[in-house]
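Participant: Taken in order, these protein sequences are the chains called A and B. Yeah, the first sequence ends on 327 if you go by this note's numbering, and it's all consecutive. Yeah, the second sequence ends on 654 if you go by this note's numbering, and it's all consecutive.
Do not take every clue at face value.
To be verified - Non-contacting residues of chain B with respect to chain A, defined by C-beta distances greater than 12 Å in every case (computed):
no., residue
1, 383
2, 499
3, 501
4, 509
5, 511
6, 585
7, 605
8, 620
9, 639
To be verified - Distance ranges between label pairs, derived from CB positions:
no., chain 1, residue 1, chain 2, residue 2, range
10, B, 612, A, 204, 47 to 57 Å
11, B, 604, A, 7, 31 to 41 Å
12, B, 580, A, 90, 34 to 44 Å
Said to hold, decoys possible - A few chain A positions that, by computed beta-carbon distances, are all more than 10 Å from chain B:
no., residue
13, 245
14, 256
15, 296
Treat the hints as calculated values from the structure; they're not laboratory data. For glycine and all other residues, C-beta sits at the position ideal for the given N, C-alpha and C.
There are 2 protein chains.
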Amino acid sequence: MASREDSLIARYFRPLATDAGAFALGDDAAVLRPSGDDVVVTTDAIVEGVHFLPTDPADTIARKALRVNLSDLAAKGATPTGFVLTLALRAADHGWLEPFAHALGDDAGLFGCPLLGGDTVSTPGPLMVSITAFGRVPAGKMIRRSGAKPGDRVVVTGTIGDAALGLDILKGGAVAAALSDDPAARRMLAERYRIPQPRNALATAVRDHAGAAMDVSDGLAGDLAKLCAASGVSAVIDVPAIPLSAATAGLLARRAIGIEAIVSGGDDYEILCAVPEAGFDALAQAAERAGVAITSIGTVIAGAAIPGFLDARGREISLQRFSYSHF
Amino acid sequence: MASREDSLIARYFRPLATDAGAFALGDDAAVLRPSGDDVVVTTDAIVEGVHFLPTDPADTIARKALRVNLSDLAAKGATPTGFVLTLALRAADHGWLEPFAHALGDDAGLFGCPLLGGDTVSTPGPLMVSITAFGRVPAGKMIRRSGAKPGDRVVVTGTIGDAALGLDILKGGAVAAALSDDPAARRMLAERYRIPQPRNALATAVRDHAGAAMDVSDGLAGDLAKLCAASGVSAVIDVPAIPLSAATAGLLARRAIGIEAIVSGGDDYEILCAVPEAGFDALAQAAERAGVAITSIGTVIAGAAIPGFLDARGREISLQRFSYSHF
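Isolated chain A (complex conformation):
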């Protein structure tokens, strides 16, 4: 009696539904048990040809779909508790579903974020993976975009700009040509595009020490502008302090790319936060323990101006493009 849709869910996704509240995907809804904590809810979808490439392997699509949501939870200071999945497929292709589900299960285990439920639908169009993820924070403790104060340090995790360059490489663009003799760098940057590294290991420290935070998904410049606008402040960024991978730094040094490709590219999935001076050392120590690099790249200032990006001589760099927009 089971439909093909049910069989598909049982075969590929039931093994990922390890939480009791998922009822082994055998019911119409899942349950989040009350813990006294706030439930933090975030939702992000990725579409073939828009957020990932038609040539991307199934396993990296799965990881990206979950990780872009985990990245939001991390930036909000939340501990992951589970997710629901909507998968729009052209066909039930077992050669695709097997590695997709396997990688999704791997990441669900790695980040402690089990599958709670979902919906599998057919589409005549591009593949789409929509995830709604849940986390928990002590009541009232979600870190907002809006808590940045003048004098706070502007801090980012990891390195900035790699993923946008990786996308250019995967599309065979100018960056691919500039790195034609460096396959390791090409591979590293492409992987940064395909498999974000959400900073969930730092979530509790962000919650304890940051005044405001968000993840960098649409480009550092645009996302910082959003954080500043939500907080009613401005910021100045010391561009040479922005942490870059060796590959990205090399491309910039030999002018194969400009700074805009770095600060306005998307898909970084690093945490951007505003940290009061008094909390910075504690955050830095927590980051070291968590094995996550953090870098102070500027300062929150009073005012409503768009954040300024200053070069090594303190001159403002004019950015034509701040971030990626879908429309």
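Given the coordinates of chain A, assemble chain B onto it according to the supplied hints.
Facilitator: Same frame as chain A, but now just chain B:
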């Protein structure tokens, strides 16, 4: 500095974000405050050309997207608390977005289910609306598929089969021809397809009196089989007792359609539940107070057989097709 995407969200969707936990859609995540209740989570997506027609108006698409999720909450005995929306659009078409958001807001108000957050993405493919909805039930009280017991009555709300006939009409099929002289019936059936009537008014009574429940979305026969399988029981259904609208009953009486079109069609979004005899009167009284028709259509029996559908003479009707499957 706001991107076009942000402007679109602010213009059309911020007015729907009436819950404090939505932060006026100005942050990366929403918050569900702890209430001591379980949070019930359900997710359902609708895709243009699959779950709705390319010619369906924006307002009915919005209502259907939310209502298919509300229907799940109702069947689980949960009170709606909010939803997140993922909208995949080919373009930011204001003539479409305005009625879409307006109708979505209307229904959010009508059902007490405010918008908490979302993601708007571009797609080169069909329009897709994916919603994850939240409800609450006292801890441990979600009504499962798995609680049906031999001797329980099989009960459905409303009428069965109308929506599948409405789809046929909208596609200009045989039902449209059979009702060529009855525009009112054609309109009613088409509306049943386009705008489900989720039975949230009956949710608390279902929670109090049903042993098992689910909503009928993929056809009564198939969904009853799922409920029985989850409960480890079977059932016999008295087909003449299945509640039909006058239009559907008329089509059946003059053999313009067969019983299979009714019991195996999809999109009913009525509640199917198993109710212990001792609870039936109380459920019936609650249904009357709520203004929702309920009908007892059969009995849960022991065994693992696929539920039997019996005609007026008690003979089993052989069904070729039990439900709709996407793959």
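Participant: Look at each hint and say if it fits the structure.
Facilitator: Structure-based check of each hint:
no., hint, result
1, 383, "holds (16 Å)"
2, 499, "holds (20 Å)"
3, 501, "holds (24 Å)"
4, 509, "holds (33 Å)"
5, 511, "holds (33 Å)"
6, 585, "holds (20 Å)"
7, 605, "holds (24 Å)"
8, 620, "holds (22 Å)"
9, 639, "holds (25 Å)"
10, B/612 <-> A/204: 47 to 57 Å, "holds (51 Å)"
11, B/604 <-> A/7: 31 to 41 Å, "holds (35 Å)"
12, B/580 <-> A/90: 34 to 44 Å, "holds (41 Å)"
13, 245, "holds (25 Å)"
14, 256, "holds (27 Å)"
15, 296, "holds (22 Å)"
Violated hints for the displayed structure: none, as all numbered hints are satisfied.
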